[in-house]
Amino acid sequence: MFLAWNEIKNNKLRFTLVIGVLVLISYLVFFLSGLANGLEQLNREAVDKWEADGVILTEESDLRLQQSIVSADDFDGAGVDEYTELSQLSAIASHGDKKENVFIFAVDEASFIMPNVTEGNAFADEGEVIADDTLKEDGFEIGDEISLSSTEETLEITGFTDKARFNAAPVLFTDLNTLETLQYGEMAEGDNDAVNAFVIRTDNLDSVEADEALQVVDTETFIENLPGYTEQNLTLTLMIYFLFVISAVVLAIFLYVLTIQKISIFGVMKAQGISSQYLAGSVVAQTFLLSLAGVMIGLVLAVVTGLFLPAAVPVAFNYIEMLVYGMILIAVSVIGAFISVQTIVRIDPLRAIGG
Amino acid sequence: MAILELKKVQKTFGSGRTKVEAMKETNFEAQQGELVAVIGPSGSGKSTFLSIAGGLQTPTAGEVRMNGTALTDLKEKKRAALRLKEVGFVLQASNLVPYLNVGQQMQLLDKVKKGNMSKAESEALYQSLGIDHLLCSFPKDLSGGERQRVAIAKALYTNPSLILADEPTASLDSDRAFEVMRMLKEITEEKQTATIVVTHDTRLIEDCDKVYQMTDGNMELQEKERYTV
Ligand SMILES: Nc1ncnc2c1ncn2[C@@H]1O[C@H](COP(=O)(O)OP(=O)(O)OP(=O)(O)O)[C@@H](O)[C@H]1O
Ligand SMILES: [Mg+2]
Numbered sequence: 001m002f003l004a005w006n007e008i009k010n011n012k013l014r015f016t017l018v019i020g021v022l023v024l025i026s027y028l029v030f031f032l033s034g035l036a037n038g039l040e041q042l043n044r045e046a047v048d049k050w051e052a053d054g055v056i057l058t059e060e061s062d063l064r065l066q067q068s069i070v071s072a073d074d075f076d077g078a079g080v081d082e083y084t085e086l087s088q089l090s091a092i093a094s095h096g097d098k099k100e101n102v103f104i105f106a107v108d109e110a111s112f113i114m115p116n117v118t119e120g121n122a123f124a125d126e127g128e129v130i131a132d133d134t135l136k137e138d139g140f141e142i143g144d145e146i147s148l149s150s151t152e153e154t155l156e157i158t159g160f161t162d163k164a165r166f167n168a169a170p171v172l173f174t175d176l177n178t179l180e181t182l183q184y185g186e187m188a189e190g191d192n193d194a195v196n197a198f199v200i201r202t203d204n205l206d207s208v209e210a211d212e213a214l215q216v217v218d219t220e221t222f223i224e225n226l227p228g229y230t231e232q233n234l235t236l237t238l239m240i241y242f243l244f245v246i247s248a249v250v251l252a253i254f255l256y257v258l259t260i261q262k263i264s265i266f267g268v269m270k271a272q273g274i275s276s277q278y279l280a281g282s283v284v285a286q287t288f289l290l291s292l293a294g295v296m297i298g299l300v301l302a303v304v305t306g307l308f309l310p311a312a313v314p315v316a317f318n319y320i321e322m323l324v325y326g327m328i329l330i331a332v333s334v335i336g337a338f339i340s341v342q343t344i345v346r347i348d349p350l351r352a353i354g355g
Numbered sequence: 001m002a003i004l005e006l007k008k009v010q011k012t013f014g015s016g017r018t019k020v021e022a023m024k025e026t027n028f029e030a031q032q033g034e035l036v037a038v039i040g041p042s043g044s045g046k047s048t049f050l051s052i053a054g055g056l057q058t059p060t061a062g063e064v065r066m067n068g069t070a071l072t073d074l075k076e077k078k079r080a081a082l083r084l085k086e087v088g089f090v091l092q093a094s095n096l097v098p099y100l101n102v103g104q105q106m107q108l109l110d111k112v113k114k115g116n117m118s119k120a121e122s123e124a125l126y127q128s129l130g131i132d133h134l135l136c137s138f139p140k141d142l143s144g145g146e147r148q149r150v151a152i153a154k155a156l157y158t159n160p161s162l163i164l165a166d167e168p169t170a171s172l173d174s175d176r177a178f179e180v181m182r183m184l185k186e187i188t189e190e191k192q193t194a195t196i197v198v199t200h201d202t203r204l205i206e207d208c209d210k211v212y213q214m215t216d217g218n219m220e221l222q223e224k225e226r227y228t229v
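Chains as they are written, first to last, in full-length UniProt numbering: chain A, 1 to 355; chain B, 1 to 229.
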């Protein structure tokens, strides 16, 4: 540390540059991780809210909710602790000149997927809905009449719930009858028992006894099959991993150049009898200090930026994940320093006696 | 007591047409309290001799003993440890760490080795070398002579039994050069080290106990009077 620290102190510009590069890389990593996380939530919040273990859809649906049509009596709850039906419809909701792409989830009021109400009241009569509170940020209010793109029927917001977005759109919750009316209009008779899926809670998905034409999937698989979800995650994760590699390479190059410049001075120290381990250790310690500083500054900058971002930017920081990524960044930087360690070990102390 | 012994040491570089006999078979001894000068023209093998004596490279043949330990049998790691313990190098130039001030140059040695000079001892040394006011200066802010004196302080700081100096006065004017040689003489007597100084300046050998002349890899003990008028 002695050598490492004194060198940093006496070459401020040089090491500020190194830290600067690390700050930029780590800032980008943290920001991307926040974005990945935010986008994930945008897609799965409403499903996570169920606290369900699995979903039952038709075999043919390719795990897409809207492609799965089942009859309410296709499943009798064999092998599960709890189950409930779910119907859904996607639509454009508008009120005045406010327009928003939404999902309408029809749920049984008594079931475990009935959302909590954070403001206002739950739906009671036909045509009433609870809305995800991001709609509130878009200007929708309790009591607003909502017209839908696909039907003449209108809905009224009676309350809001939190954390209820699904596949990048806010969710409106209503009862199964209302949804039936939306789908079939005047022809709805209130006895249609077609739903999209069953949501189940069970300790053991394998013990679920469902019809041949149905498939039981765990919630995570269901989410991963949401359109675009996995692709989006992979892209962002790949970018983050690339940044790890970039930071290792950039730091390795920087340190290597610095080490090359110091070869003669390392030679002198080795001639004096200072061990390679001590010198290499000081380079590793130095890298650790630099990357720690860079990552910390990057972290603070990312968090501060997060405070000033408009709500429309789907960035949600997961601090534990950021801490892990920060540690990975430091670790790969230190690994990058090992090229220089090799160089130091190979320096011949004989260089000290030139001529 | 012999601090340094070279027995039938030889060093050749390359082979065939490019073969260079930098040191022909040489026997050499340096005793405690002895200041030895090695002089000779450029390319005669002085630095080669010094680096073999200090365990920086191994001879092609022969044996080197430092305080009784055979250097030639040791791996670089062990030799480094021995250098740290026994040898003080004073080199021609740039043997100071640029980003440490004078005081820190010595602190570094405390980090890697025990049994260095006490505070009182080192302060006395800085005073006698006239660098006690420079402890907070960095190498780049020192004059050539000051740098050389700091290098000497650094070499002595670890209480070595063998001091090896390669052209320690090369970057100094002659007044300073004489002063440095006088200091080395004093230290050799006071600390009872064996001190070997390589130089090509024959005027500087006045204070030396023995003078060796090196020519084409041959090392020969000389009558000192040959060089002093
Ligand atoms: N690593 C090496 N590889 C090949 N030849 C070498 C090597 N080191 C030294 N020599 C050769 O050995 C001979 C002695 O070199 P050395 O450096 O010991 O001379 P020197 O007496 O110190 O000269 P100077 O006064 O110029 O410093 C020279 O001919 C030199 O070219
Ligand atoms: Mg030389």
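Keep in mind the hints are simulated off the structure, nothing from the lab.
What you are looking at is a predicted structure, and each value in this text was computed from that prediction instead of being measured.
Ideal placement from N, C-alpha and C gives every residue a C-beta, glycine not left out.
Certain hints may be false.
Claimed, not checked - As a list, the in silico BS3-like pairs of lysine-lysine whose alpha-carbon atoms are at most 25 Å apart: (1) A/99 x A/136; (2) A/9 x B/113; (3) B/113 x A/49; (4) A/9 x B/140; (5) A/9 x B/111; (6) B/113 x A/12.
To be verified - For each label pair, taking beta carbons as the anchor points, the in silico distance ranges come out as: (7) B/10 x A/351: 21 to 27 Å; (8) A/12 x B/24: 49 to 55 Å; (9) A/351 x B/200: 17 to 23 Å; (10) B/221 x A/12: 52 to 58 Å; (11) B/118 x A/296: 39 to 45 Å; (12) A/342 x B/67: 46 to 52 Å; (13) A/331 x B/114: 48 to 54 Å; (14) B/12 x A/241: 26 to 32 Å; (15) B/159 x A/342: 30 to 36 Å; (16) A/17 x B/159: 38 to 44 Å.
Each hint tested on the structure:
1. Note on residue 99 of chain A and residue 136 of chain A: the hinted pairing holds, with a Cα-Cα distance of about 12 Å set against a maximum of 25 Å.
2. Of the pairs offered as hints, the one joining residue 9 of chain A and residue 113 of chain B holds, with about 24 Å between alpha carbons and a cut-off of 25 Å not exceeded.
3. At most 25 Å may separate the alpha-carbon atoms for a hinted pair to count; residue 113 of chain B and residue 49 of chain A exceed this at roughly 63 Å.
4. Only pairs whose Cα atoms come within 25 Å are accepted, and residue 9 of chain A paired with residue 140 of chain B is accepted, the gap being roughly 15 Å.
5. Restraint check for residue 9 of chain A and residue 111 of chain B: the C-alpha separation of about 18 Å stays at or below 25 Å, so the hint holds.
6. For the given pair, residue 113 of chain B sits about 29 Å from residue 12 of chain A by alpha-carbon distance, which is inconsistent with the 25 Å threshold.
7. Checking the proposed 21 to 27 Å range against residue 10 of chain B and residue 351 of chain A shows it holds: the Cβ atoms sit about 22 Å from each other.
8. Our hint of 49 to 55 Å for residue 12 of chain A and residue 24 of chain B holds, since their Cβ atoms are close to 52 Å apart.
9. In this structure the hint that residue 351 of chain A and residue 200 of chain B lie 17 to 23 Å apart at CB holds, the actual value being about 21 Å.
10. Between residue 221 of chain B and residue 12 of chain A the beta carbons are some 53 Å apart, a value that agrees with the proposed interval 52 to 58 Å.
11. A hinted range of 39 to 45 Å for the beta carbons of residue 118 of chain B and residue 296 of chain A is consistent with their spacing of about 41 Å.
12. A hinted range of 46 to 52 Å is violated for the C-beta pair residue 342 of chain A and residue 67 of chain B, which are about 33 Å apart.
13. Checked against the given bound of 48 to 54 Å, the beta carbons of residue 331 of chain A and residue 114 of chain B, roughly 33 Å apart, lie outside it.
14. For residue 12 of chain B and residue 241 of chain A, the Cβ-Cβ distance of about 53 Å falls outside the hinted range of 26 to 32 Å, so the restraint is violated.
15. Here the CB-CB span from residue 159 of chain B to residue 342 of chain A is close to 33 Å, well matched to the stated 30 to 36 Å.
16. At about 41 Å, the CB distance of residue 17 of chain A to residue 159 of chain B agrees with the hint of 38 to 44 Å.
Against the hints set out earlier in the document, violations occur for numbers 3, 6, 12, 13, 14.
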